[in-house]
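There are 2 protein chains.
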Amino acid sequence: MVFDGNNNIINSCSEVIMNVVGLVTEHNPFHNGHLYHVEKARESCDAEYVVSVMSGHFLQRGEPALFNKWARAKMAVLGGVDIVVELPAAFSVRSAEAFARGAVSLLNSSGIVTHICFGSEAGNVGDLLPAAKLLTEEPGEFRDLLGRHLAEGVSFPSARAKAICSYFTGQREAPVSDIYARPNNILGIEYLKSLLLLKSEIKPVAIKRHTAGYHDRDIGLDMDIASATSIREELLAQGGLTGKVSSVVPSASLDVMREEISAGYGPVFLNNCLKILLYKIRTSSPGQLADLYDVTEGLENRISEIAQWAQSVTGLISEIKTKRYTWTRVQRILTYVLLDYTKERARFFDETGPAYIRILGLSKGGRNLLKKLKKKAEIPVIIRTTPFLRGKDEVSDMLWFDVRATDIYTLLSPGSRIPRQGLDHKIMPFFRF
Amino acid sequence: MVFDGNNNIINSCSEVIMNVVGLVTEHNPFHNGHLYHVEKARESCDAEYVVSVMSGHFLQRGEPALFNKWARAKMAVLGGVDIVVELPAAFSVRSAEAFARGAVSLLNSSGIVTHICFGSEAGNVGDLLPAAKLLTEEPGEFRDLLGRHLAEGVSFPSARAKAICSYFTGQREAPVSDIYARPNNILGIEYLKSLLLLKSEIKPVAIKRHTAGYHDRDIGLDMDIASATSIREELLAQGGLTGKVSSVVPSASLDVMREEISAGYGPVFLNNCLKILLYKIRTSSPGQLADLYDVTEGLENRISEIAQWAQSVTGLISEIKTKRYTWTRVQRILTYVLLDYTKERARFFDETGPAYIRILGLSKGGRNLLKKLKKKAEIPVIIRTTPFLRGKDEVSDMLWFDVRATDIYTLLSPGSRIPRQGLDHKIMPFFRF
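Here the protein sequences come in this chain order: D and B. Mapping to the numbering used here: the first sequence position 307 is 307, numbers consecutive. Mapping to the numbering used here: the second sequence position 342 is 342, numbers consecutive.
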């Protein structure tokens with residue numbers, strides 16, 4: 001284990017002839033901050049290769065991706081990533097914990113990844129590690145604190161941040177430290193927790209995420225998620241690629257986006273699914289909604305009720321949202337509605353863990369690494385889906401869920417032409433010659 | 001029974017103090033031909049009142065109605081109908097046989113309808129009655145002929161028309177008489193068949209439907225369905241109410257349509273449901289599609305296959321269509337997809353028959369008739385839905401199916417504002433003061 005200071009790490013590294021750094025990404029879309037992250041990760045880990053595990057068509061915040069996964073993989077490869085693999089929809093639309101567990105397990109199963117490099121507000125692993133250990137061990141005292149804060153009716157992430165601070169300070173009502181409340185730190189803690197639980201030999205490296213406005217003049221190097229958010233907002237507000245967008249994304253990304261937009265495939269916004277979502281809710285019984293993952297405490301009634309008059313997906317979310325159910329959680333739940341992601345499916349996928357490594361994009365160097373990956377990986381490496389869909393096993397179950405996510409995603413395309421069903425069987429990974 | 005020439009008819013009529021003529025309609029939209037039909041029906045049956053049983057939001061040809069049922073009921077009342085009742089979706093989207101059986105049973109259950117007046121190409125009951133009797137009795141010889149023609153792979157209506165002609169002429173390959181092949185005659189035969197099967201005392205009256213072009217200069221009096229079809233085509237092609245439309249509909253109808261269009265509620269076209277339909281097909285298993293009503297002989301695979309690339313509902317239909325599965329039948333099946341109308345539901349609804357008389361519109365006179373209807377009807381008369389949805393009986397099951405049909409229909413509205421769910425609980429029948 002990399003953290004415990006003994007020389008296991010030397011032993012394990014001696015088997016690895018090169019460093020491969022893994023990133024957990026969404027690239028929605030791939031911008032200059034991501035470019036910086038790729039370069040910085042390669043540099044700080046002295047890595048020969050960069051492998052990115054990227055969410056497919058539905059993202060951790062419960063939104064459909066602006067552009068399809070092949071386009072986003074292309075942007076990432078053109079931005080310096082050697083292999084882009086897909087984080088199955090089974091994990092990509094889940095809470096920070098399950099999302100991180102899925103992504104880290106996948107990288108761990110690859111057998112070739114030596115480092116994980118993530119951006120966080122804290123900027124170093126040491127600040128996040130105590131919380132990760134605490135959450136892994138979950139001592140009784142901590143569980144009590146967590147239960148107490150949850151009973152206040154706040155959201156789970158908020159209750160947990162409070163419990164961590166109470167535990168470390170020994171005070172029942174400690175001020176919540178920024179470290180445990182900022183979104184990328186929360187994800188970072190989850191990555192560390194997953195590494196600990198997996199007893200992984202992968203070495204974590206945190207790089208500092210600049211907050212928005214930190215380098216106002218260096219907007220191109222700004223790594224804050226605000227960049228991706230502001231690009232999405234700009235696309236939504238202006239309906240196209242403006243000068244503001246082109247100033248913050250690499251020109252190769254811009255070209256890919258331009259192609260997708262002119263083909264009518266993107267950008268895809270949450271509201272594009274409004275009528276389909278309302279159809280699904282209006283034709284589902286409360287029992288069917290209650291079977292969906294993360295729908296608890298009668299939330300199904302709230303969803304049914306508010307779907308009666310909602311005029312937009314954001315309107316739907318803002319009305320369903322409560323102190324306990326945050327905006328993002330509700331947004332994710334609506335994606336579960338769309339994908340019919342039931343509690344039963346989630347249980348099955350959680351037991352299985354990522355069942356395959358699906359390749360979405362390869363650089364020239366990535367092709368060499370792919371040979372090594374195929375030898376070392378503990379789970380199947382998938383380039384063509386068809387052979388893996390024939391069985392009745394966990395690989396085909398999880399892959400069908402991705403295929404279906406694509407079939408739903410393509411219906412959200414803004415263009416007049418609907419992309420054909422089964423793109424997952426047709427589109428080959430992007431390969432950079 | 002009215003046809004057998006004995007004096008039963010006199011006996012039964014003596015109980016009825018006035019004539020009430022029932023019409024089976026869709027009013028999609030209500031045009032001058034319908035106005036003529038209402039007047040002619042009143043006159044030929046010497047009727048004090050006209051009751052129209054009208055399809056709700058989904059029609060016999062498997063299409064959504066251009067305008068919602070309350071707007072269409074309003075047009076009908078303004079056009080002279082005294083009471084408009086809804087043909088439940090359970091029957092309105094079915095083949096001629098089940099559609100007619102549903103509508104005639106409903107009128108029969110009213111206890112007040114003395115006549116049924118329908119338009120047909122033949123124009124008199126006598127021409128249609130032998131076929132109706134044959135189909136009611138279904139002698140073995142006829143069944144053999146029908147089986148032989150079905151085995152040729154042609155559609156059911158076509159095989160049946162052939163079998164009727166073979167039976168009556170005694171020839172195994174008789175030329176098919178127009179009488180058994182024209183759409184309104186087919187419906188007329190079904191009305192007669194339903195009356196015979198129900199041993200109904202309602203007296204059938206057929207009036208001649210003018211074919212398109214019969215009275216070219218009298219287009220306002222043209223009763224052919226081509227009038228409704230041409231209005232729909234005009235609306236679709238021109239995207240609004242043109243002079244051509246206003247020349248063939250009463251001005252009251254025109255006003256109603258204008259209101260609906262300006263509110264963004266209509267006109268609704270089949271293609272408005274494309275993405276929802278594709279979503280439903282793409283997320284249904286072959287087994288789920290095979291459970292739908294009228295999906296047989298592996299048609300579910302054909303539907304799934306063609307939905308992969310279809311770009312329009314008409315494209316979808318034209319590709320699924322075969323010699324056996326006519327355009328209209330396929331169109332209806334797609335409505336079953338949309339409404340999740342399963343074989344099990346159809347069996348249940350068929351056993352039940354129409355479970356209520358739901359009022360959609362009333363003239364001044366209709367209010368008096370309503371009192372009589374409430375006394376005489378064998379099934380509940382519904383004005384407000386809410387009290388009838390609480391039970392767990394056939395009334396609430398069938399009514400929920402209508403409520404859901406409305407909730408799906410409103411999602412097809414062309415306007416930017418989505419009508420709220422549960423309109424069936426909110427909108428009262430149109431009442432003409």
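Hints were generated in silico from the structure; no laboratory data involved. Don't take each hint at face value.
In this list, chains with the same sequence are indistinguishable; a pair is considered to hold if it fits within one copy or across any two.
Here are the simulated DSS-like pairs of lysine-lysine, each with C-alpha atoms no more than 30 Å apart in a straight line [stated by the list, open to error]: (1) K275 with K321; (2) K426 with K133; (3) K244 with K208; (4) K426 with K321; (5) K343 with K275; (6) K133 with K203; (7) K376 with K364; (8) K244 with K374; (9) K372 with K343; (10) K199 with K244; (11) K275 with K426; (12) K203 with K321; (13) K343 with K392; (14) K199 with K133.
- Taking 30 Å as the upper bound on the Cα-Cα distance, should K203 and K321 be classified as within, between, both, or neither? Neither way: K203 and K321 sit 38 Å apart in one copy and 60 Å across, limit 30 Å.
- Task: First find the shortest C-alpha distance between K343 and K275 inside one copy, then the shortest across copies, and answer within, between, both or neither for a cut-off of 30 Å.
- Result: both (24 Å within a copy, 27 Å between copies)
- Message: Please sort K275 with K321 into within, between, both or neither, judging by C-alpha distance up to 30 Å.
- Response: both (20 Å within a copy, 28 Å between copies)
- Item | Within, between, both or neither, where K426 and K321 count as close if Cα-Cα is 30 Å or less | between (39 Å within a copy, 27 Å between copies)
- Task: Evaluate K244 and K374 at a C-alpha cut-off of 30 Å and name the case that applies: within, between, both or neither.
- Result: neither (41 Å within a copy, 68 Å between copies)
- Alpha-carbon proximity between K376 and K364, which holds within one copy, between copies, both or neither at 30 Å: within (20 Å within a copy, 83 Å between copies)
- Task: Could you figure out if K199 and K133 sit no more than 30 Å apart (CA to CA) within one copy, between two copies, both or neither?
- Result: Within one copy, since 12 Å is at most 30 Å while 81 Å is not.
- Please work out whether the CA atoms of K244 and K208 approach to 30 Å or closer within one copy, between two copies, in both situations, or in neither? Within one copy only: 24 Å inside, 69 Å across.
- Same-copy or cross-copy closeness of K275 to K426 [CA-CA at most 30 Å]: both (28 Å within a copy, 21 Å between copies)
- Intra- versus inter-copy proximity for K392 and K343 (alpha-carbon distance at most 30 Å): Classified as both; 20 Å inside a copy, 28 Å across copies.
- Is the C-alpha distance from K133 to K203 at most 30 Å within one copy, between copies, in both cases, or in neither? within (15 Å within a copy, 85 Å between copies)
- Query: Is it within a copy, between copies, both, or neither that the alpha carbon of K372 lies no farther than 30 Å from that of K343?
  - Reply: neither (36 Å within a copy, 53 Å between copies)
Hints 2, 8, 9, 10 and 12 from the earlier list are contradicted by this structure; the remaining hints agree with it.
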